[in-house]
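Here is what each chain is made of, one letter per residue.
Protein chains: 2
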Amino acid sequence: MGKKTIKAGLLGMGTVGSGVLKILEINGEQVNRRAGASIEIKKILVRDLQRERPVKVDRQLLTTDPKEILDDPEIDVIVEMIGGVEDSRKFIEEALQHKKFVITANKDLMATAGVELLLLAQEQGRNIYYEASVGGGIPLIRPLKHSLGANKIIRLMGIINGTTNYILTKMSLENMAFETALAEAQARGFAEQDPASDLEGKDAAYKLCILAGLAFSSRVRFEDIYVQGINNISKRDVFYARELGFAIKLLAIGEETDKGLALRVHPTLIPLNHPLAAVYYENNALFVVGNAVGEVMFYGLGAGSMPTGSSVVADLIDVARNINHQVENGIMEIDFQTKNIVSMGELLSAFYLRLQAIDEPGVFASLATTFGAENVSLDMILQKRSVEGTAEIVLVTHAVEEKYFNLALGKIQKFPAIKKINSVLRVIER
Amino acid sequence: MGKKTIKAGLLGMGTVGSGVLKILEINGEQVNRRAGASIEIKKILVRDLQRERPVKVDRQLLTTDPKEILDDPEIDVIVEMIGGVEDSRKFIEEALQHKKFVITANKDLMATAGVELLLLAQEQGRNIYYEASVGGGIPLIRPLKHSLGANKIIRLMGIINGTTNYILTKMSLENMAFETALAEAQARGFAEQDPASDLEGKDAAYKLCILAGLAFSSRVRFEDIYVQGINNISKRDVFYARELGFAIKLLAIGEETDKGLALRVHPTLIPLNHPLAAVYYENNALFVVGNAVGEVMFYGLGAGSMPTGSSVVADLIDVARNINHQVENGIMEIDFQTKNIVSMGELLSAFYLRLQAIDEPGVFASLATTFGAENVSLDMILQKRSVEGTAEIVLVTHAVEEKYFNLALGKIQKFPAIKKINSVLRVIER
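Protein chains in written order, with numbering that gives the first Met the number 0: chain A, 0 to 429; chain B, 0 to 429.
Source of the hints: derived by calculation from the structure; they are not laboratory data. All of these numbers come straight from a predicted model, not from anything done at the bench. Possibly wrong hints are sitting among the right ones.
Given that identical chains are not distinguished, each listed pair holds provided it fits within a single copy or across any two copies.
[Unchecked claim] Here are the simulated BS3-like cross-link-like pairs (lysine-lysine), alpha carbons at most 25 Å apart as the crow flies: (1) K402 with K413; (2) K21 with K151; (3) K151 with K6; (4) K144 with K3; (5) K151 with K55; (6) K151 with K258; (7) K234 with K383; (8) K151 with K3; (9) K383 with K258; (10) K89 with K66.
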């Protein structure tokens, strides 16, 4: 019984593909031992046959024709690493229809069409492995599916975008300005030349679609997620936050409440002694609260050739084992419901607020009165000596439904003595 | 196809057993859905039928006779939670011989007889699941076996004893004395009334046997591990360490070097910005360096009824799925070699040294000369103003083979001007 060789077709040979080949080269013997079979790369789809490759590869394996992989009955599994959501989807559907297993590193595709593809896989008695689609090398998908399978997940909080975490870390630990930190991230290859998707929180939101969908057994669409980026975070906010005992992190947060799912990506003040506060530079982490396990966290590099390749090859090992154990339907996450989405206004949150006010008697009293009228109570207040008649005031509120905070803020903005609201950020105490 | 009901027999109904029953009570529907079968507890072995239980359970299920579980052909899987290494081993062997699957939360047993039991399981075409034997609710075994399966593990560093981490955290964050912190840990139930095994590092060493055995595919015996506890850590050391930019943690460390495996448990200075430094109180974490994934860390509660129960029930789900997919031999970690063990003297380590010296000219020069003669170079030096003619000196060396450091230390101890060597601790820079 069992196949001695599992044949894989790779779609794409960029960053991730090169990592996969490199890992098979250096750890191949161990990989095969764990897989219980020899894993052989039979074909690799590339765009350009002539291009120089960072890893050496037999030119005979390369092809520009996807059919050579998708139509080859000898190929047991395809590894999709071309990105995008059109060709990749078509290729995966075709592979499943040909009864091939599928591994993908494609975040955008799994975020937008993951449920449909998993349903198709189930229909075909196959499975899609997507550990590499989120969190690079950090084990996230498998732990959520298996290790934490006995838990109802109450909350997920993730630092799942390396670019923004690198920038925020530089601002915090090295007192760098946003623009300088961004330029350095770009120079070191942690940020794209067009970093908009990262900075605006969109990349994190796509990843949250995948993670929250799995954790809460619900179809989560990008549109269900409130998204706010880090573009407006200033060095001053990072400084004040630290003075008050907080780090500022771009968090992707998913919670299951009585009213439904609350899903959001935004810069967040978290206590300095929270494990997520110690996730520095380009590292990622996912903090999970389960109703049995309590708090757990998974930490590591969320991107890169070798870390992401590590997840792909782990999936290859699982596929090989499943093929040889004739597990035809290994899909666990197929009971996707569509749960209600809670609006931000209904969410409880504490707030950090920084503003400039004219330094005159009664200003602070009217601020406090206005907050009090909406039942927003203040937790911390910081006011330094005023400069040229302007005082900078920093407030942290206790947790309150957002709509009430917003009502108070709307009134405060109209006060003649308030010159500018510089920053409004959410605060999480644990 | 497949069994609609998977029948489990529990051996033991203490802390972990109660957690398992509680989780099946509150999350049972989800557990069954993920398992693809209904998980039914058919019998529970207890010592005392009459005792009051923290969870409600049908008295009909309880038995004091292990045969009622081990000899029942209807029972598919036993969950061993009685601890110890004699009865538990006998029961597990018998269960495997009766072709039952085995789940165990037994650290001591898996540390001392794990390899033999896994080999027996393989012979019988069954498997032993032991996620709960180490790290409580934190997924460690599964990630090491599966998610990181494509990696050669270079190094493991774990905070895997909650008691000692609680004490060290209290000493560090709250400036508490060792004895006070220990008393508080005992009062809060984080430390046993006889805390020796925890404080001396033995508990962590048993866990390291399991983790290192799996990570390095080698039989690791308790005797292979150098073990040093935290009994001699003083508040002063914690304070100086922090001043120099370090936290003191009891680390269990396993490394694979060219010469073999280096395995040790000892208090260690680690940089304050290392992710392990932010693991506070009773939390545990395992930091893993793989040759593909780089650095990853797994964090959470390493003990307790519900967290440990969470791991047991995850194993139950896997067992149910494997039974229904007729995976007879799911054992991956069976290629245990017996690798060479590197002695501590050959290991590279940096050192922290605190000593009392008579405040007279030439003392420091002779210290420095002695270290220099053994090629031990100094990285940091701290000397406060002397009190009553005695100066307290704190040194941190660069990394050096331990034997050379020890040679130098031996000479220094004999200097007339050295009144006392207070502390010698190892330092890890990353």
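Results for each hint:
1. K402 with K413: within (17 Å within a copy, 72 Å between copies)
2. K21 with K151: Between copies only: 13 Å across, 38 Å inside.
3. K151 with K6: between (37 Å within a copy, 23 Å between copies)
4. K144 with K3: between (28 Å within a copy, 21 Å between copies)
5. K151 with K55: Intra 46 Å, inter 21 Å, cutoff 25 Å: inter-copy only.
6. K151 with K258: Classified as within: same-chain Cα gap 16 Å, cross-chain 45 Å, threshold 25 Å.
7. K234 with K383: within (16 Å within a copy, 36 Å between copies)
8. K151 with K3: Answer is between; shortest inter-copy Cα gap is 23 Å, intra-copy 39 Å.
9. K383 with K258: Close neither inside one copy (41 Å) nor across copies (59 Å); limit 25 Å.
10. K89 with K66: within (12 Å within a copy, 56 Å between copies)
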